[in-house]
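Number of protein chains: 2
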Amino acid sequence: MSVTIEDIRQAAARIKPHIHRTPVLTNESLNQQVGAQVYLKCENFQKVGAFKFRGACNAVFSLTDEEAQRGVVTHSSGNHAQALALAARMRGIPAYIVMPSNAPQVKKNAVAAYGGQITFCEPTLEARESTMESIRLDTGATVVHPYNDERVIAGQGTAALELLEDVPDLDVILAPVGGGGLLSGTSIAATETKRGIRVIAGEPEMADDAFRSMQAGEIIPSVDPKTVADGLLTSLGTLTFPIIRERVEQIVTVSEAGIITAMKYVWERAKIIIEPSAAVPLGVLWEKKIKLNGLRIGVILSGGNVDLEKLPW
Amino acid sequence: MSVTIEDIRQAAARIKPHIHRTPVLTNESLNQQVGAQVYLKCENFQKVGAFKFRGACNAVFSLTDEEAQRGVVTHSSGNHAQALALAARMRGIPAYIVMPSNAPQVKKNAVAAYGGQITFCEPTLEARESTMESIRLDTGATVVHPYNDERVIAGQGTAALELLEDVPDLDVILAPVGGGGLLSGTSIAATETKRGIRVIAGEPEMADDAFRSMQAGEIIPSVDPKTVADGLLTSLGTLTFPIIRERVEQIVTVSEAGIITAMKYVWERAKIIIEPSAAVPLGVLWEKKIKLNGLRIGVILSGGNVDLEKLPW
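Protein chains in written order, with my numbering: chain A, 4 to 316; chain B, 4 to 316.
Just so you know, these hints were derived from the structure itself, not from any lab.
Remember, it's a predicted structure, so these values are computed and weren't measured experimentally.
No residue lacks a Cβ here, since even glycine has one placed at the ideal position from N, Cα and C.
A portion of the hints provided could be inaccurate.
To be verified - Derived coverage of chain A by chain B (criterion: at least 3 residues anywhere in the stretch with Cβ under 8 Å from a Cβ of chain B; other residues may be distant):
| no. | segment |
| --- | --- |
| 1 | 202 to 212 |
| 2 | 239 to 250 |
| 3 | 280 to 293 |
To be verified - Straight-line C-alpha distance at most 27 Å; calculated DSSO-like pairs for lysine-lysine:
| no. | chain 1 | residue 1 | chain 2 | residue 2 |
| --- | --- | --- | --- | --- |
| 4 | A | Lys229 | A | Lys197 |
| 5 | A | Lys267 | B | Lys294 |
| 6 | B | Lys313 | A | Lys313 |
| 7 | A | Lys267 | B | Lys197 |
| 8 | A | Lys197 | A | Lys291 |
| 9 | A | Lys110 | B | Lys267 |
| 10 | A | Lys313 | B | Lys294 |
| 11 | A | Lys267 | B | Lys267 |
| 12 | A | Lys110 | A | Lys291 |
| 13 | A | Lys267 | B | Lys291 |
| 14 | B | Lys111 | A | Lys111 |
| 15 | B | Lys111 | B | Lys313 |
| 16 | B | Lys111 | B | Lys197 |
| 17 | B | Lys267 | A | Lys313 |
| 18 | A | Lys110 | B | Lys110 |
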């Protein structure tokens with residue numbers, strides 16, 4: 004049973020007291036640059052600096068009291084780890100976070116600052132999963148996967164729901180795709196709310212597993228991809244792929260240069276900080292592989308977590 | 004005759020169709036960091052990326068049709084030049100901008116992009132003023148000074164007016180001070196709108212002419228100051244000083260390190276781009292030379308024009 008629009012509406016009500024309702028910004032220079040009316044849904048202003056807080060929050064607050072008291076567990080070195088730690092702290096329950104020992108210190112610190120209980124492991128997928136499983140068995144904690152989880156997908160869909168409340172007459176919604184949690188939730192929220200709306204994803208050329216999976220009609224995982232959009236390295240999941248295949252019009256790949264150009268433009272003109280992954284759907288507008296001229300386009304800016312000491316230009 | 008609250012209200016009505024009503028943002032981490040409730044008035048999202056557009060716009064749209072058709076003229080290498088060029092273009096009149104020949108190319112390009120007609124001169128104040136005067140005599144254009152102009156002061160005051168509409172129960176408003184256009188307009192808008200509100204300015208230690216002028220009771224110009232807050236190099240004017248002396252509680256100086264720390268914190272946590280000058284009043288909260296704990300504090304973030312290739316950290 005897949006995620007429904009009703010699940011997303013319930014998620015929106017459930018997480019409303021805990022999240023930021025993020026603003027939708029517009030920018031005249033940007034509109035002129037890309038030849039369309041662009042509405043930026045600013046999840047870079049969300050708690051923990053990324054949309055990930057929505058899904059984690061929905062998962063944590065969906066638990067029964069009995070489940071909740073045993074805590075939640077995940078393995079992640081990214082925004083999901085921080086998001087789950089903060090959501091768990093808000094509910095007053097433990098969050099067990101498995102991180103590879105070579106994760107950047109700044110990420111370890113951030114998870115710890117949100118109260119996450121970190122267990123380090125070898126930096127392999129096998130070690131991460133076996134460490135997580137052993138914590139789950141010890142504690143009875145509920146596993147919350149970063150994207151292949153219906154509660155997470157429903158939570159991520161709430162950003163598009165808000166966007167369409169604020170700007171109902173969009174022609175297109177653009178979102179980035181990594182594991183597909185945001186994209187699948189967005190596609191359900193959009194297509195069930197507004198007849199005829201088009202949902203299009205941007206994906207880095209250098210991590211184009213979703214593009215290739217759509218072509219092949221089956222999940223083709225990416226193998227050790229390298230891209231500046233480090234939030235989009237993961238591959239589609241068994242829950243997200245069927246939703247995306249059914250509801251997303253197409254996936255458009257974006258070059259590394261296109262990502263960086265779009266990112267820098269938004270910093271310079273819109274004066275907001277977005278991370279490279281958030282610039283990927285904007286790169287679709289820059290590179291013009293598909294024609295979107297003159298349309299009203301909502302863009303989910305996925306996050307704003309950037310190392311200011313290492314900018315990509 | 005000084006600027007009145009009525010002048011500021013009229014300016015607000017006059018410029019309303021042309022400006023952005025900028026949002027007021029809050030950030031929980033920032034509040035915890037500084038121990039106060041902080042309301043950020045985001046003039047970094049204003050047209051041309053700075054509050055300067057308000058004053059320039061009010062000046063341009065205050066002109067009679069007869070005056071307007073002869074255009075406006077100023078000398079500036081900064082945000083005021085861009086602001087005046089854009090305001091003039093909106094009214095469909097010429098803007099003559101005198102710039103020193105050594106101004107950064109990016110600033111020359113920006114003024115030209117807004118339709119300003121640039122005349123280059125030697126990089127001395129004398130050359131700038133004499134070049135401007137000769138253009139004025141040739142064209143009959145109206146001079147619009149960056150801050151020592153009542154129409155400009157009234158326009159700058161509209162930011163505080165909006166801030167107090169959105170957050171009426173502020174205890175304090177903090178603004179930066181350079182030439183004093185923003186600070187004098189802010190102080191009139193605030194003290195005439197809300198009894199007992201405190202207006203406090205932040206000024207770079209390295210360009211502390213306003214601080215020293217307040218101590219001395221007369222204008223003491225700064226001599227070739229050097230600070231990362233390059234929007235605050237100018238000295239108080241004959242119109243702005245008396246207003247500031249009457250209505251501003253005190254001017255607090257901020258170290259270069261304090262400016263940069265506050266700026267980077269806002270980039271990292273609030274995910275918005277502010278220029279060093281905008282971080283100066285935040286630096287007041289960081290360095291805690293004066294006690295503002297627990298208060299509700301509005302901060303005018305003056306702008307967001309930063310060279311992303313040359314960040315100060």
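Checklist line | Indices of hints not satisfied (ascending) | finding: 1, 2, 3, 4, 5, 7, 10, 12, 13, 14, 16, 18
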